[in-house]
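Student: Next come the chains, spelled out residue by residue.
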Amino acid sequence: GENVEQHPSTLSVQEGDSAVIKCTYSDSASNYFPWYKQELGKRPQLIIDIRSNVGEKKDQRIAVTLNKTAKHFSLHITETQPEDSAVYFCAATPPLKAAGNKLTFGGGTRVLVKP
Amino acid sequence: GAVVSQHPSRVICKSGTSVKIECRSLDFQATTMFWYRQFPKKSLMLMATSNEGSKATYEQGVEKDKFLINHASLTLSTLTVTSAHPEDSSFYICSATTGVYGYTFGSGTRLTVV
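If you're matching them up, the sequences are chains Z and B in order. Heads up: the first sequence is residues 1 to 115, going by the working numbering. Heads up: the second sequence is residues 1001 to 1114, going by the working numbering.
Isolated chain Z (complex conformation) (with noise of 0.2 Å):
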């Protein structure tokens, strides 16, 4: 099955400085790749994802990178806010079947941005 893996675990940022965080997954089916925003006690909100025919996508201060020979994908966020402090998921699945398939995510990292 698929393997994501996540890093840093942990990242804590100056306001305004970038925080990038890096995921490898191991089943080179996958082709969709999404990230999550988790607060605390909070359900995982979807903050940007891409498909593996596309290599970088940007939305406002948020971009994710996937590189498919290498088999990993990057967020970044730029111009970091405290209320960008949070966890951050990503995630794998294949392509999506008939009856609907599984997502696999990474470890987590836990962002603090330091006002």
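I should point out that these hints are in silico values taken from the structure, not numbers from a laboratory. Beta carbons are placed, not taken as given, at the ideal position from N, Cα and C, and that holds for glycine. You may find that some hints are simply not true.
[To be verified] Partner residues aside, some chain Z positions facing chain B, computed with beta carbon under 10 Å:
#: 1; residue: Q6
#: 2; residue: P34
#: 3; residue: Q38
#: 4; residue: G41
#: 5; residue: R43
#: 6; residue: Q45
#: 7; residue: V87
#: 8; residue: A91
#: 9; residue: K102
#: 10; residue: F105
#: 11; residue: G106
#: 12; residue: G107
#: 13; residue: R110
[Claimed, not checked] With a straight-line cut-off of 20 Å between C-alpha atoms, the simulated PhoX-like cross-links for lysine-lysine are:
#: 14; chain 1: B; residue 1: K1020; chain 2: B; residue 2: K1066
#: 15; chain 1: Z; residue 1: K68; chain 2: Z; residue 2: K22
#: 16; chain 1: Z; residue 1: K58; chain 2: Z; residue 2: K22
#: 17; chain 1: B; residue 1: K1041; chain 2: Z; residue 2: K22
#: 18; chain 1: Z; residue 1: K57; chain 2: Z; residue 2: K37
#: 19; chain 1: Z; residue 1: K114; chain 2: Z; residue 2: K37
#: 20; chain 1: Z; residue 1: K22; chain 2: B; residue 2: K1042
#: 21; chain 1: B; residue 1: K1020; chain 2: B; residue 2: K1064
#: 22; chain 1: B; residue 1: K1042; chain 2: Z; residue 2: K37
#: 23; chain 1: B; residue 1: K1066; chain 2: B; residue 2: K1055
#: 24; chain 1: Z; residue 1: K58; chain 2: Z; residue 2: K68
#: 25; chain 1: B; residue 1: K1041; chain 2: Z; residue 2: K37
#: 26; chain 1: Z; residue 1: K42; chain 2: B; residue 2: K1042
#: 27; chain 1: Z; residue 1: K37; chain 2: Z; residue 2: K58
#: 28; chain 1: B; residue 1: K1055; chain 2: B; residue 2: K1020
#: 29; chain 1: Z; residue 1: K42; chain 2: B; residue 2: K1041
#: 30; chain 1: B; residue 1: K1014; chain 2: B; residue 2: K1066
#: 31; chain 1: Z; residue 1: K57; chain 2: Z; residue 2: K68
We have chain Z; now place chain B onto it with these hints.
Tutor: Chain B only, in chain Z's frame:
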């Protein structure tokens, strides 16, 4: 957008009792729902995949007789923790697929077994 409602948000129960958690897709039909368990400061661990009208598929190491999953309709899946013990205390979250590549999460249930 697609909304998944999960109830209850918090529940405290006594050891040995059973607890049922509901997950409903409010504005779409979810043929597949997923149940996760999350320990403090840990990632989401998939427990089982729930398919409407058929038996759930459990991940390795998850006791199917302990965690009963029923997906009787296209909008409702339930997780029942049977004969709960303190070690079952955790945060349980459901998720439903909303079409190709779409996954929406419920708000989670904090279960405390005393």
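Student: Evaluate each hint against the coordinates.
Tutor: Evaluation of the provided hints:
For Q6/Z, the suggested interface contact is upheld, since its CB lies about 8 Å from the closest CB of chain B, less than 10 Å. Nearest Cβ of chain B to the Cβ of P34/Z: about 7 Å, under the 10 Å cut. The hint holds. For Q38/Z, the interface hint holds, the least distance from its beta-carbon to any beta-carbon of chain B being 9 Å, beneath 10 Å. For G41/Z, the shortest C-beta to C-beta distance to chain B is roughly 7 Å, which falls under 10 Å, so the interface hint holds.
The beta carbon of R43/Z comes within 4 Å of a beta carbon in chain B, closer than 10 Å, and the hint placing it at the interface holds. Hint on Q45/Z holds. Least Cβ distance to chain B is approximately 8 Å, under the 10 Å limit. Interface hint status for V87/Z: upheld, as the beta-carbon distance to the closest one in chain B is roughly 8 Å, under 10 Å. Evaluation of the A91/Z hint against chain B yields a held restraint, the C-beta minimum of about 8 Å falling below 10 Å.
Look at K102/Z: its Cβ gets to within about 6 Å of chain B, closer than 10 Å, so that hint holds up. Nearest Cβ of chain B to the Cβ of F105/Z: about 5 Å, under the 10 Å cut. The hint holds. A hinted interface residue such as G106/Z counts as satisfied when its beta carbon comes closer than 10 Å to some beta carbon of chain B; here the least separation is about 7 Å, so the hint holds. The interface hint given for G107/Z is met, as the beta carbon of that residue sits about 5 Å from the closest beta carbon of chain B, less than 10 Å.
For R110/Z, the suggested interface contact is upheld, since its CB lies about 7 Å from the closest CB of chain B, less than 10 Å. Distance check on the hinted pair: K1020/B and K1066/B sit about 12 Å apart at the alpha-carbon level, within 20 Å; holds. Note on K68/Z and K22/Z: the hinted pairing holds, with a Cα-Cα distance of about 14 Å set against a maximum of 20 Å. Of the supplied pair hints, the one linking K58/Z and K22/Z holds, its CA atoms being roughly 16 Å apart against a limit of 20 Å.
Simply put, K1041/B and K22/Z have alpha-carbon atoms about 18 Å apart, close enough for the 20 Å limit, and the pair holds. Of the supplied pair hints, the one linking K57/Z and K37/Z holds, its CA atoms being roughly 17 Å apart against a limit of 20 Å. Pair hint K114/Z plus K37/Z holds up; C-alpha atoms about 18 Å apart against a cutoff of 20 Å. At roughly 17 Å between alpha-carbon atoms, K22/Z and K1042/B fall within 20 Å of each other, so this suggested pair holds.
For the proposed pair K1020/B and K1064/B, the alpha carbon gap of about 14 Å is at most 20 Å, so the pair holds. Distance restraint check for K1042/B and K37/Z: the Cα-Cα separation of roughly 13 Å lies within the 20 Å cut-off, and the hinted pair is therefore satisfied. About 15 Å separates the Cα atoms of K1066/B and K1055/B, which keeps this hinted pair within 20 Å; it holds. With a C-alpha separation of about 18 Å, the suggested pairing of K58/Z with K68/Z holds against the 20 Å cut-off.
The straight-line distance between the Cα atoms of K1041/B and K37/Z is roughly 13 Å, inside the 20 Å bound, and the hint therefore holds. A threshold of 20 Å between alpha carbons decides the hint, and for K42/Z with K1042/B the separation of about 13 Å falls inside it, so the pair holds. With a C-alpha separation of about 16 Å, the suggested pair K37/Z and K58/Z falls inside the 20 Å cut-off, and the hint holds. Restraint check for K1055/B and K1020/B: the C-alpha separation of about 17 Å stays at or below 20 Å, so the hint holds.
Our distance criterion of 20 Å between C-alpha atoms is met by K42/Z and K1041/B, whose separation comes to about 13 Å. A distance of roughly 16 Å separates the Cα atoms of K1014/B and K1066/B; the hinted pair therefore holds under the 20 Å criterion. Taken as a hint, the K57/Z and K68/Z pair is honoured in the structure, with Cα atoms around 14 Å apart against an allowance of 20 Å.
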